[in-house]
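4 protein chains.
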Amino acid sequence: MSLPFDDHPREECGIIGVFAPREDVARMAFFGLFALQHRGQEAAGIAVADGQSMSLYKNVGLVTQVFRPHTLDELKGHYAIGHTRYSTTGSPAIRNAQPFMIETMNGPLALAHNGNLVNSAELRQRLLTEGVGLSSSSDTEVMTMMLARSPGKNWTERIRACMKDWRGAYSLVIMTRECVYAVRDPWGFRPLSVGLLPNGGYAAASETGALRTLGCEAVRDVNPGEVVTLSKHALVVTQALKPARPEAKCVFEFVYFARPDHVWDGLAVHQVRQRLGESLADSFTDSRIEADVIIPVPDSSVPAAIGFARVSGIPYNDGFVKNRYVGRTFIEPTDSLRKRGVALKFNVINENVLGKRVVMIDDSIVRGNTMGPMIRLLRNAGAKEVHVAITCPPIKHPCFMGVDMGTYENLIAHKRTVDEIRAHIGADSLTFLSLEGMMRAVGRSDGYCQACFIGQYPIGVDVLSAKTGFEKSTK
Amino acid sequence: MSLPFDDHPREECGIIGVFAPREDVARMAFFGLFALQHRGQEAAGIAVADGQSMSLYKNVGLVTQVFRPHTLDELKGHYAIGHTRYSTTGSPAIRNAQPFMIETMNGPLALAHNGNLVNSAELRQRLLTEGVGLSSSSDTEVMTMMLARSPGKNWTERIRACMKDWRGAYSLVIMTRECVYAVRDPWGFRPLSVGLLPNGGYAAASETGALRTLGCEAVRDVNPGEVVTLSKHALVVTQALKPARPEAKCVFEFVYFARPDHVWDGLAVHQVRQRLGESLADSFTDSRIEADVIIPVPDSSVPAAIGFARVSGIPYNDGFVKNRYVGRTFIEPTDSLRKRGVALKFNVINENVLGKRVVMIDDSIVRGNTMGPMIRLLRNAGAKEVHVAITCPPIKHPCFMGVDMGTYENLIAHKRTVDEIRAHIGADSLTFLSLEGMMRAVGRSDGYCQACFIGQYPIGVDVLSAKTGFEKSTK
Amino acid sequence: MSLPFDDHPREECGIIGVFAPREDVARMAFFGLFALQHRGQEAAGIAVADGQSMSLYKNVGLVTQVFRPHTLDELKGHYAIGHTRYSTTGSPAIRNAQPFMIETMNGPLALAHNGNLVNSAELRQRLLTEGVGLSSSSDTEVMTMMLARSPGKNWTERIRACMKDWRGAYSLVIMTRECVYAVRDPWGFRPLSVGLLPNGGYAAASETGALRTLGCEAVRDVNPGEVVTLSKHALVVTQALKPARPEAKCVFEFVYFARPDHVWDGLAVHQVRQRLGESLADSFTDSRIEADVIIPVPDSSVPAAIGFARVSGIPYNDGFVKNRYVGRTFIEPTDSLRKRGVALKFNVINENVLGKRVVMIDDSIVRGNTMGPMIRLLRNAGAKEVHVAITCPPIKHPCFMGVDMGTYENLIAHKRTVDEIRAHIGADSLTFLSLEGMMRAVGRSDGYCQACFIGQYPIGVDVLSAKTGFEKSTK
Amino acid sequence: MSLPFDDHPREECGIIGVFAPREDVARMAFFGLFALQHRGQEAAGIAVADGQSMSLYKNVGLVTQVFRPHTLDELKGHYAIGHTRYSTTGSPAIRNAQPFMIETMNGPLALAHNGNLVNSAELRQRLLTEGVGLSSSSDTEVMTMMLARSPGKNWTERIRACMKDWRGAYSLVIMTRECVYAVRDPWGFRPLSVGLLPNGGYAAASETGALRTLGCEAVRDVNPGEVVTLSKHALVVTQALKPARPEAKCVFEFVYFARPDHVWDGLAVHQVRQRLGESLADSFTDSRIEADVIIPVPDSSVPAAIGFARVSGIPYNDGFVKNRYVGRTFIEPTDSLRKRGVALKFNVINENVLGKRVVMIDDSIVRGNTMGPMIRLLRNAGAKEVHVAITCPPIKHPCFMGVDMGTYENLIAHKRTVDEIRAHIGADSLTFLSLEGMMRAVGRSDGYCQACFIGQYPIGVDVLSAKTGFEKSTK
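From first to last, the protein sequence lines are chains A, B, C and D.
The numbering used here puts the first residue of the first sequence at 318, with every later residue one more than the last.
The numbering used here puts the first residue of the second sequence at 318, with every later residue one more than the last.
The numbering used here puts the first residue of the third sequence at 318, with every later residue one more than the last.
The numbering used here puts the first residue of the fourth sequence at 318, with every later residue one more than the last.
Just so you know, these hints were derived from the structure itself, not from any lab.
Only a predicted model underlies this, so the values are computations on that prediction, with no experimental measurement involved.
Hints are not guaranteed to be accurate.
Remember, identical chains collapse to one label, so a pair may be satisfied in a single copy or spanning two.
[Unchecked claim] DSSO-like cross-link-like pairs, simulated, lysine-lysine; straight-line CA separation at most 27 Å:
hint : residue 1 : residue 2
1    : Lys549    : Lys470
2    : Lys549    : Lys656
3    : Lys393    : Lys481
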């Protein structure tokens, strides 16, 4: 039931790495993953190493469902990596759960991955031709197998050698018997940060919020092209590959993915979202539309709505109540409920919109299938006008770097003008933030991937034949 | 893990009743319970009747976990009642799950209950003495067994006869082979409303938001002392008992329990919460404290913070990010994480509080064990001052009418002054809304139970010997 | 899948009672139930009492599936009763699981039952009329509720008072706070024995084999009409009601139900089964049929086949291999496998039957749906002739005392002659042991119920309107 | 609980392969595995291919627990292989469950294995050195990965190339997109047979009993060194490697492993077991011991006891009742029950042994820990003398070819004479069948592995350093 009522891009996963000499490292990883749960709810796993051997536990479900005291208790060691996986419908869930763990000629190795390689089909074919059997459709297994056969006299060299072949988005945590490596692709697509743990040791995580949950201080990004080594000796930073010029960080971490307490590329996400709202208010005001109340689509659009209200002077208020328990259910609504669709997830707070001209703020429109019903909910509750304002430009192109935007066929903005979309959803007006406005709010002029808005991919992608990670995994 | 990080009163349950001649009534009940999930997460159940026989399915878990397509498919009929149960630690969960279903001399009967009888020990003893065996510690079973032996030539009379004996809080849905009855005690402690379904039929629910999720129109309260009959013939309202004078509706439905889209006693909850914030801002301003930002403790205090900000002129902003996936976990934090306690549930958005004088709005303080850690989080994030403002008066007395406030021993305000509490939690100032301020914001001068604030119970309760429903069920 | 490949009467349950002052009483009950598992595989439960309070755990599944270390660890006390329940398709399993536990005016009470009351509809109606609600369709709940309102100054008196009203089969274990009572109806339908535990204390069980598994010495039957009290004071035997004249013990405990190590009515079951085979061999020899090998249908007919072979002089051998893992499966065979039906459960040992005249021994024919396929298996394996010999007379009437024989409609011998049955199953000859031959092998001339063979019920049963326990529970 | 009460060698697994053009192939594989359940109860899996793609489902548990209708329904195709896995305590069950499925440069491949390679450590090291990562400790994964990189222009050639490197026991079913291969090592250690399905198509299985359950006709062994191809074109037999001279078939399939309806090496297992008993009776008679009754240890020794009784003229009877529901339980017995140990699994039928000189037949003594308690049970039941007769010689050496005999340390016959063992178990006499007697009963003079009796391994095994498959998998 979750899908039809949600219209956001989907992130592939969250990753965590820990070296904790004086703590229960598995529980540290657990609470780190717990803080990254919003990046993936399908499966979770933790691998640990104690200098000698390595153990792994992973399963389908939320982090709190997968791990029980007795499963965590069996994961002893000082090093850990963990992964929480986004739900791709229909995929063979348990086989694609991460981390992947293998034995290599250089000892055991575990790996967890956030991103998507655009050349994985080619790399996969190369491995097969070299006589390596592959047991999943995951590009993560491809990466693991490449590391197993990578030349080089130490793991940093072996990782570097593979990085030269990997094209696409990859933020990785890699664990050997006595080391955790945090690795980020030269384009810097997906986030990865490291920090110092208060009791000694280090942690790496997809978001700084997870690091702060663990008590980390002195947090820094793993920069594009870097390999950061977390070991008992030190935190060692190696520039394994030169950063791409320009870099191609994902702007959607600001717009939607990251939890608002994340600091992405040195910028506080909540504040960027407020500025996106402020910037959007400017555009909106230019169009001379008048309104009585600003309401966010909860929860992601709250900061932008706060910023919008502040600049526009129009009061901020809640317009929707979101059912906090919306999760996966297998129960189909009855016909009469199906017609009301989105109402199972959102109810309107009538008194806050009755007789009012409402501006509804949302972060993005992907397929465009939930905005219409939400607008109808507002009108049924007595809203006089419903204006929609979106904190990013229209999404016209799929992502091949690890975000599920859908395909060309189901992106509503691919073949429709803004006014056609407005008519389709039934809004009185529809305002998208411009690319320039968005980047101005972010405060960076370059270094960001804008492919989903303008179709210029930072890495050569044969768009006609390329597959997103999501199509593959539903095989 | 959920308990130590949460400090709110706890509601016992949500109930739903449906007569739907042209719909799959079990699925209607399912989605109704789904919208009441916030009122209880431990167990859920649905009973249906088809005019001939009755079926029941209930189990431990969230509504979406308890019901699967095949379990719902076996629940055929036109009448349904449902229940979602609040989690009382340690109780024998499945045996206390509701609805209760029995056969009586007048045919099968099912019942679901929100509330707590203060004379259940006495009624229980009476039943035992009369030779009735009881298989649970629940006052709901007591009510069911009393109905089974109640005199009267029809169910309305039998229910009325029992109501005379029942003292305390009870909002009930009762189902026979061909009828659903919605019943509310004469004091009106707990909410219950009915509405017309769009495709014909009627529904009853603890909250109007659930009725609206089902598409209900023409919603009205079941008034204190009323029995409302939902049948194929009509919606019949019977004033079974005279309403108590004064009534004793629970003010905490406004303060905390109800979802903000609920209309309680004719008043929109979100708007009352805004006014609670406004009223609190007035008190606060009187104390001449200056501040830079108003932040809510998410999610319940958001409307009050909006209202507070509007009146005080101090800007509203998010200060905390709440982990949306906080649920029951059996994993104990490591020592270093335990010290950071509440940080596993909340992270501060540093940039929004750094260097600022913060007013943190919360709805209530019960045990007082989470406020201190949250204030420390804010100070660690650089807040210059932390002022706490609470949208109700200090809670000094336990509830015996179905809300888990804790006992005298663990209510922090029972033996401490406001300033002692302030010192205990480490705030720069602590403001409670006064009883008068609270009732003024509600907009009613009487008809509400204020026992937890002032200790005057609307029904004679031998406080020294009485037990709350929560102590009993942990037996 | 289990049903179509099995054609035996079905027993309702096994019960156990323990007073063990120096042992973990729940684990004693567990291993006792474990030894009674063959009497019921659907559900299992154990209730314990410690002199003060009482605890219960029951669930659907085999004994080893229902109980885990942590569930047993919570069952502390010195007294225990347990129950293992036979699988009646379609019944609401968990609600009918036993023991039943209730609170009464005389303290908590738990009860487990093997048998079936023939007047339960009447007793049930009486309770309902008296204003008692009933939450299951089980006659066990009826018994429990009657005990809750039974007059008498102690439990022995109360039990005796109820026994006067109970008509039918009941072997019971009843537990109060500080006592276990073992109760057997005056007809003695179903077995129940008691014994002394080696470390002090006593146990009661449906079969003496279970008592011996617990190490019991000095085992004796609970005689018809007796109440035996197991307490810290002593083992007290009370003749609560006079035994019926004649008694009506179930002869099928010898023929099929009991494990061969049971001693029923003072007679060793394995030896009686050998004698049944010997007696059958005499009948068979009279008919001058010649044969080369005697094979049993495993496992119940092995002792009879041994006895048959000994008397007839024809060699005994295995003819079938039984799949030991046949249990409940939800997988339907393919069409080609369905045709081979019983072959999924039994394979023939070809070499032992090839070219031979085979006598196949079985204990009974109920519906007559598996014998035909088994004979075909033998013929396909090359058996020259297949003679069938059955160790009891044709079953022509249903049982109303707790055994599932099926109804008149599905009893093959109800309207068919022996020769018609022989033709239906395709045997070369079919020999049933005569009633006289059976009783001679048992070694008792009276005291046994023969209703299923001759239709004379030991208690007045209105056969046309009566229901077996099995029809009821599938409601 | 299962282990302490059982003292048999343990088999690793059962395998099945099916090509069924007109049947639901997954259900065919399911019922085939169902008939092989006795060869492994820990995990089960089925992979199917439909000419295009391949699907796999495997999990921990019995075959009937692992597969549900919806899991089987998703396995569509015409080709299937399946596996049921023996329980090795402590191993990471799900990761070692079979079949293994991978993608190779020549398309997808699935494999299931019964046996153990003695050179797997060396092969494993070779793969790692060649840059192949391995994700389990299983030699089956090693075989799968070797196939993925094996040269050859078709799968038969690739399999043959690998067979040259594989030393040890392997009966395999291998599936490609449109073929199933049944492969047996040149020594012929473990069984594997093929047959024609009645509706078209072919099946392969570890035991002929499973083939007959599926209705197979024209069954033949896959001979040592053969690869048999099951495809839509034909059943093709290829002698891939020359059979070893001499072959080394496992004699324990006769003694204990196989179900008695299996035909192993052209010999009917039940008949060989009878002859083992007959041969043992000859040895026994030579020692001039007199006895009154022959009893088997159920179930495996029944045929031998029948044969023994026939030759010795001493009557055969049941002496033990075995609890049919003995399975895995996590409940520890109480102290008093622990002392009675084996009594939880077996009860004696007192009347059959009281005052008698008993000969107890068993198939083998491995650790020697259950025989003593069983003899005590018999003596407690009144047996005058207890003579033990074993249908194979003393087991003095571990097996490295896929059977868990234990290690030198725990084999009771490794350092003890027959008389020391007799004294240890407390028997009046102890007779082992001689090697010659055993082979005479089998009816073959060579071609069988006798390593566990005499220590001469058919393949060079460095006994001091070699590991059995069981040690490995508990890593």
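Consistency of the hints with the structure:
no., hint, in the structure
1, Lys549 to Lys470, "within (20 Å within a copy, 50 Å between copies)"
2, Lys549 to Lys656, "between (59 Å within a copy, 24 Å between copies)"
3, Lys393 to Lys481, "neither (34 Å within a copy, 41 Å between copies)"
In the structure shown, a violation is registered for the earlier hint numbered 3 alone.
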